[in-house]
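Kindly generate the complete structure, drawing on both the sequences and the hints.
Residue numbers for the sequence shown, in UniProt numbering: 1 to 300.
What the hints contain is simulated information worked out from the structure, not anything from laboratory work. Hints may contain errors.
Pair by pair, the computed Cβ-Cβ distance ranges are [unchecked claim]:
1) M72 with N11: 24 to 34 Å
2) S266 with K216: 24 to 34 Å
3) R21 with Q261: 51 to 61 Å
4) L286 with T233: 27 to 37 Å
5) K31 with Y136: 41 to 51 Å
Note that beta-carbon positions come from the ideal geometry of N, C-alpha and C, so glycine has one too.
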Amino acid sequence: MDMLMATNILNNVINQVKELRNDSSFKRILKMADEFAENSVVDFLPLVSSRPKRVPKKSGELCRDEIIPCPMKKFKIDTYNVVVDILLAELIGRFESTNIGPLKDLSLLSSRRIREVQNNPHIVPCDAFEALCTMYTQIDKNALLTEYIEFCKNFTEIENSIVLPKYLNKNVIVDYEESLELNAYGYDSMEEDSVKIISHNIASTRELFKLFCLAKLANIFPNLYLVLKLSITLPVTSCSVERTFSKLKLIKTKLRTTMSQDRLESLMKISCEQDIIINNENVILLFAAKSSVLTKCLIY
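Listed below in structure tokens is the structure:
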């Protein structure tokens, strides 16, 4: 599932929540609740009518409080409608149209969409990357669209050039259907000569960014490289942002006043780049070079 499908599903969910606001949906849910209560072994207490509370009028008041005598109608107004309204407001507030547009544009970077454009470059939407370039004005839309189409046309050749072919001087016809999927690439290290084929999410742009780095395409497709860099930087959940800011606060407030700048930068790299594999041999050599005593103990 790519970003385009996710945004379409999200819009469908918002429309479904809006439909829950009408009377027919409430009656359907009420019927399901009654059937569940009848088939359940647990006894449920029915809603009872409470004594209406009358608030005395003050002098000069012309209006009066409207009392809801029916307990089911009171439940619908005070509980059911309130829950649906809060849920709908949160969905619309968190996923505004200004945020959904760039996500739809980023969905064009998935392997599935690249294959579609590779087979037929004319299917690229007319407003492709428009919302993304409106939000990030430093990206040229026309240049980005041109780079994207050219990259899709040469995608298979770029993909196959990462690994040395079996025949170097023979003309081999490449079958586009049987070529390796981009997201089947996985790398233990960017400096390794071999490529391990593993399974990845088809909608991930991380492997596409690795392909750009390995093939050194940043200078050839600068705008597309910037969009890829942006897509892997954007956090998926709000907790990622909160963790980043909490870590930054810890570095700025607590650690800055207790140590030197060089040590602070080293600790910050350790904290931010936790997924980078550390070479223990290099660490031992660097630590041993601090003094002659450590060199004798750790190296000789």
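Please name the hints from earlier in the document that this structure breaks, with their numbers sorted from lowest to highest.
none
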